[in-house]
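Chemist: Sequence:
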Amino acid sequence: MMQESSKKILVIEDDAISRSILLYGLEAKGFYTIGAQNGIVGIQQAQEHLPNLVICNFMMPDIDGYRVLSTLRLDPATAIIPLIFLACRDTKGDFRKIMNLGADDYLTKPYTLEELLRAIAARLEKQAFMRYWCTTNYQKISASLSSSTTSSVDR
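Letter by letter, the sequence shown follows residues 7 to 161 of my numbering.
None of these hints come from the bench; they were simulated from the model.
Please note: incorrect hints may appear among the correct ones.
Claimed, not checked - In silico DSS-like cross-links for lysine-lysine, where the CA-CA straight-line distance does not exceed 27 Å: (1) K13 <-> K115; (2) K35 <-> K14; (3) K132 <-> K115.
Said to hold, decoys possible - Here are the simulated distance ranges between beta carbons: (4) A149 <-> G31: 39 to 47 Å; (5) Y117 <-> K14: 14 to 22 Å; (6) Q53 <-> K146: 27 to 35 Å; (7) S152 <-> R95: 51 to 59 Å; (8) Y38 <-> L107: 23 to 31 Å; (9) D21 <-> Q53: 36 to 44 Å.
No residue lacks a Cβ here, since even glycine has one placed at the ideal position from N, Cα and C.
Generate coordinates for the entire structure from the input sequences, incorporating the hints supplied.
Modeler: Pasting the structure below:
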């Protein structure tokens, strides 16, 4: 999966062993990874590096996943970065709460690297489609405005 090497993934995980395993597994699949040991550092790393995707543990001390997501969504530079939450509990209520907060995906621990890779691929594909859609529509609107400006000048 070396074609993914240009994709930057930020992993925000307070457990050092889990974070290392995630970073190693993603690097082995060709991703460029950035690690953060807590939500505060994760927010700073996201704002500095503007990753293509964020993987974030939901339950962390100090700043939990909810506050990470809320902060990233308020910053125009990071607002559209897909975020996948990792959570220990798997109840319907937890799932709905996390998705209602604006998460793009949710995996329950324990999960496999293959499950994570499928979730990453789906989010990156959706992000690529949204960028394409925005670019295409921006070009159409720009062309339309240019032609209407030219028409009004000619009168």
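Chemist: Take the hints in turn and mark each one as holding or not.
Modeler: Now for the hints, and whether the structure bears them out:
Among the hinted pairs, K13 with K115 is consistent with the structure: their alpha-carbon atoms are about 24 Å apart, no more than 27 Å. At most 27 Å may separate the alpha-carbon atoms for a hinted pair to count; K35 and K14 meet this at roughly 12 Å. Between K132 and K115 the CA atoms are separated by roughly 24 Å; this keeps the pair inside 27 Å, and the hint holds. Hint check: A149 to G31, Cβ distance near 45 Å, so the stated range 39 to 47 Å holds.
For the pair Y117 and K14, the supplied restraint of 14 to 22 Å holds, since their beta-carbon distance comes to about 21 Å. Between Q53 and K146 the beta carbons are some 32 Å apart, a value that agrees with the proposed interval 27 to 35 Å. The given range of 51 to 59 Å is respected by S152 and R95, whose C-beta atoms sit roughly 53 Å from each other. Look at Y38 against L107: about 27 Å separates their beta carbons, and that is inside 23 to 31 Å.
The given range of 36 to 44 Å is broken by D21 and Q53, whose C-beta atoms sit roughly 23 Å from each other.
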